[in-house]
Amino acid sequence: MTKKREMIFSIVRAALAILISLVVAMLLIFISADGSSVGEKFKMTGEALKQLLIGPLFRVNANGVSFEGKRLADILSAMIPTIFTGLSVCVMFSANQFNLGSEGGIMLGAFVSAVVAIYYPMPAGLHAVMAVVIGGAVVALVMLVPAILKVKLDVSEMVCSLMLNYVIMYIIKYLMNNYYADKTKGQIQTYPFLNSSRIASIVNNPVINSAKLTWGFVIALIAVIITGLFMYRSRWGYQIRMIGINKDFSKYSGMKVGFIIVISQVIGGFLAGAGGGIEVLGRYNTFSWSSLPGYGWTGITIAILAGNNPYYVPLAAFFMAYLQKGCDMMATYANVPMQLISIVQAVIFLFFAAEQFLSKYKQSLVVKTAQEEIAAKAALSKEGGAANG
Amino acid sequence: MANLIANMLTPEFFFSIFRISAPIIYATLGAIVVEKAGFANIGLEGLMMFSALFGSLISYYTQNWFWGFIFALFVGVVMSLVMGFFAFKLKTDIILVGIAINMMGSGGTLFLCKVITGITEGNTLASTTGLVTSKLMIPSINIPIISSIPFIGRVISGHSLLTYLAFIFCYLTYLMLYKTSLGLNIRAVGENPGAASSVGVSVLKIKYIAIAFSGLMSGFGGAFMSMSYAQGWSLDMVAGRGFIALAAQAMGGGECFGGMLSSILFGFAQALGIKFSSIGVDSNLASPIPYAITIISLTIFGIVNKRKAYKK
Amino acid sequence: MAEEYVVQMKKIEKVYSNGVAANQGVDFNLKLGEIHALMGENGAGKSTLMKMLFGMEQPTSGEIVINGEPTVLSSPSVAISKGIGMVHQHFMLVPSLSVAENMVLGMAPRKGIFIDKAKAIEITKENAEKYNLHVDPEMRVADIPVGMKQKVEILKALIRGAKILILDEPTAVLTAQETEELFRELTHLKQQGYTIVFISHKLNEIKEITDRITIMRNGRSMGVYETKDVTKEEISRLMVGRDVVLNVQKDEAKPGETILSVRDLEYLNEWNKKMLDKVSFDVRKGEILGIAGVEGNGQKELVDMLFGFARPMAGTATVEGKPIIAKGQQEIRELGVSLIPEDRMLYGIAGNATIEENFISDRCNAKNLNKGPLFDMKAIHNLSEKLVEDYKVLCKSPEQQVGMLSGGNIQKVVVAREFSNNPKLILANQPTRGIDVGATEFIRKKLVELSRSGIAVLLVSADLAEVMELSDSLIVMHNGKIVAYFDDTKKLSDEEMGEYMLGLKEMSPEEIRRVCHD
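These protein sequences, in sequence, are chains A, B and C. Going by this note's numbering, the first residue of the first sequence is number 1, and it counts up by one from there. Going by this note's numbering, the first residue of the second sequence is number 390, and it counts up by one from there. Going by this note's numbering, the first residue of the third sequence is number 702, and it counts up by one from there.
Note that these hints are calculated values from the structure, not bench results. The reader is advised that the hints may include incorrect statements.
Okay, derived cross-link-like pairs now, DSBU-like style, lysine-lysine, Cα gap no bigger than 30 Å in a straight line [what the hints assert, rightly or not]:
#, chain 1, residue 1, chain 2, residue 2
1, A, 256, C, 1079
2, C, 1093, C, 1146
3, C, 1028, A, 247
4, A, 251, C, 1146
5, C, 1087, C, 1097
6, C, 712, C, 929
7, B, 594, B, 480
8, B, 697, A, 360
9, A, 152, C, 1023
10, A, 247, C, 1068
All chains, full assembly: derive it from the sequences and hints.
What follows is the structure, given as structure tokens:
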């Protein structure tokens, strides 16, 4: 197929997947909408949908629609951790390895960074960098466990990483309860981060409803570019992708398949861990996560939506953050539980991952391209024949 | 230490091992059958969440535990068939289908819970715990003669109906796999689909049956979680049991009896964790034990396998 | 009259969707109660013909008449219901199940809801007795010898009511004793009125057991013969031969020093069948050494050994004196070895990657393609544009997906990569299989060109014309052994080749030893 046709196909497919999920969402909203009569229910559904679709950026009320800067800042902020987990999953899934450890990874990274930020004073600027890098490095090391077990012993990286998530969560909770908690507070949280470790804000406008966006967002975008370069412009990234496409081919070509698989998961771990650090040092004053944050799972959805291409990750992360915000808005203004997001997310995810979804349409495009090529070839050979004659 | 051992050697402790193992056994049996049919269902976790929710809800609305239980099974089977549709018909990677089901199983169940019950306490906390009463729980059974035996009676008797059923199902699943023509077909499809289809066995149909079986088992496991293990459904109550089952399947060599033993091992680890916390050790130090044991045992299992392959 | 035939296949044409015409106007018929040999080289169209008779493929045109009735065999189950059974080369058995369970799969006898195991065993025993095919019903299939597996397969077909049995190269996996036993059993079946199609390359077997022979070559039937009326030499001549003369232009080879040196390689496959038997040869700089032989006589195993995909039981192989046995692919490539793999879709390419990405898979770590931590994209683009041009890969741009190209163009991508990395030795395994004429010619020319520039080439090919005319010297493999060596292929006739390939003749060890130039 030509590039253009492939693009058209991808867009149609994506649009249809999103449409289907919105229809599912609509049905669920309709069922859950308040109202005694069907008409009333329809009205409520309409209200809820308005909140879901435009609520993330605009205030909708009787006076009309007005742009809300804070909501945009919220969405962009919410993208920071999921861009990192999305990138992490992209790298690991590209090698066709289903390591699901970014969920525990981001929590561990956040925790380690927090510890560095609280207990190890360093000059401002350097402190934040070191905290984030150490957070990432620790998670990278932890990811050696599923990676090496897979490569050496053929232990399922999926089961192993899932189990690791739980182990990580409980150990962090244990450490928090017993060693790091600020006992003067009612909630279990650490002491505040040292000021030198804070990630500064780009926008911090108390006037506009305390809209806030940190430099973490910019760092996330830089991470996108670096990961993109790594995957598409470096020999390791290249080998990761080739192994994901055809392992036998990669081995035959002389690649060190096992080593590269380990590398992919170590880098995936680093990204998740660093993301955790950037998230907590930017957004909070203390570390207080008491359960897995769910960013890892969102990261998987984002990677699937982005087709494992790092450059599409911000787009997919924006989409997910937008949906999340829409669901929040619905919960606030239309009384629809915000966990609707899980269902919408899973439906989109399923249709994106379905190979045979719209396969007939794709087939027709392929056939069309092939026919054109044959026609072009025939025309060419005619010309050639004429020239020879 | 002596304190701990004394604490462990009580009938209650052994009783709790069986109780804790039961849902893992169900999920493990589901994992075993799909693995025999040649694929993996990592969505057991999500399926159990759905079954747990609906079992609890329907028992509340009908005020009858039996209907809740039946509906839990029904939901498990239907959801698993939907998984099958995406995996076999739309050719979605079965692992990704599992991930999607698990996503829904987490937040989606909470959504449905809120929508159906109208409970909106706080933003995240909603459960059916307040709705169900003990009479809506799956009944426990006292076994007449055994219950009067000292110690053993208190270990074996008095369990929930579903705990006994879990062990019975180990045997039934074994019978199904090894003594019926369905089992023969499942194993043939998993090992050599070409051989199966060449004698007229429909590979697709067998795969649907296998995934539906895993859904049925998740139904049992889910019902057990919300209608026996705990009183009512709450968010993320399955807590990785669906994943542990995948490990138990692998560790048990993919067989029913081995899977059962592995499940009990995890049950033991968890019971131990609970015991730890009861004597003052932070429960967060004890809770990860079953997960850590899973990783360790998979590693040992991997080493053994590698040795075996090397010898060949 | 027509009634004497149980099967008539008339003017069968089969064109696959990729445009390959596998059968062209083939007539084939079977008489009741005969053993009928179907002979031909790999790719001659025998399997396609039999797949159509077993309902696995549909003919593009032509007619199949069974017991006098025109029949459409839309699936294997229809074929089974018409009394046709097939024993595939790769057994359709479930290893972990018992013999009896395999036997009754899909039609298991029941007692209540359970399988009646005793009944299944009884059925198996009964039939084993009746057809004189002795199997142990309670053993697991994984644990029984390959000869018994075959009997299980034959019994499976018979239990399902087969009156016509198609056996696809049944003796390829059997030892001499097992083969003898099989023949006794087949004769026994024949006496009971069963009709058997016997696909084989082995002339002695054909002469021993069959009544009639249909010989195929290049998708066409070369005629039907009474076995007793034709000599082995005649069969060999009909079966093996060049349909086209290629007329490859090439200068006299001027072989230099030895590059690849193989000594006494031995290999047993998983069924303990000897696939390589003391194989020794040398390939020198500037020459093409061809390996001819009917497929399955050890060529694949040999290439696997030389590229690190398998380990031999004994023997050595060196490239410029450095050992390559049991080395990784990277180390072997670093010694200057390139491989055109037999299965290009499995090993040759990453289908979902671009042409460019497929070009650099073996050299992604090379200094000239990297600049610091990143690829030197300009160098890579230059390389891929040059390769696309040099190897005439028909594509819109090097950014196109490889999997979307035609077979010939895919092979050109593989060849471009393997030829352009300054190899000292090229292992070319079936380099032109199943690709169009243009690409075939192009790849052959390149091979000759490279060898004349001083590269050693080992060419393995089932295409007789290719291997005879491209090679400077030639060895013939049969049953895992080198049975002939010709230092000059020009003097060689098709007839002579056929006799060596089919095992009618064998050179003396001294003559063969000449291929080792030490």
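Verification of the hints:
1. A/256 x C/1079: Satisfied, since the Cα-Cα distance of roughly 25 Å is no more than 30 Å.
2. C/1093 x C/1146: Holds, because 13 Å separates the two Cα atoms, which is no more than 30 Å.
3. C/1028 x A/247: holds (18 Å)
4. A/251 x C/1146: holds (28 Å)
5. C/1087 x C/1097: Roughly 14 Å between the alpha carbons, so the hint for residue 1087 of chain C and residue 1097 of chain C holds.
6. C/712 x C/929: Holds, because 26 Å separates the two Cα atoms, which is no more than 30 Å.
7. B/594 x B/480: holds (15 Å)
8. B/697 x A/360: violated (46 Å)
9. A/152 x C/1023: Holds, at about 28 Å.
10. A/247 x C/1068: holds (24 Å)
Hint check: a violation occurs at hint 8 only; the rest are consistent with the structure.
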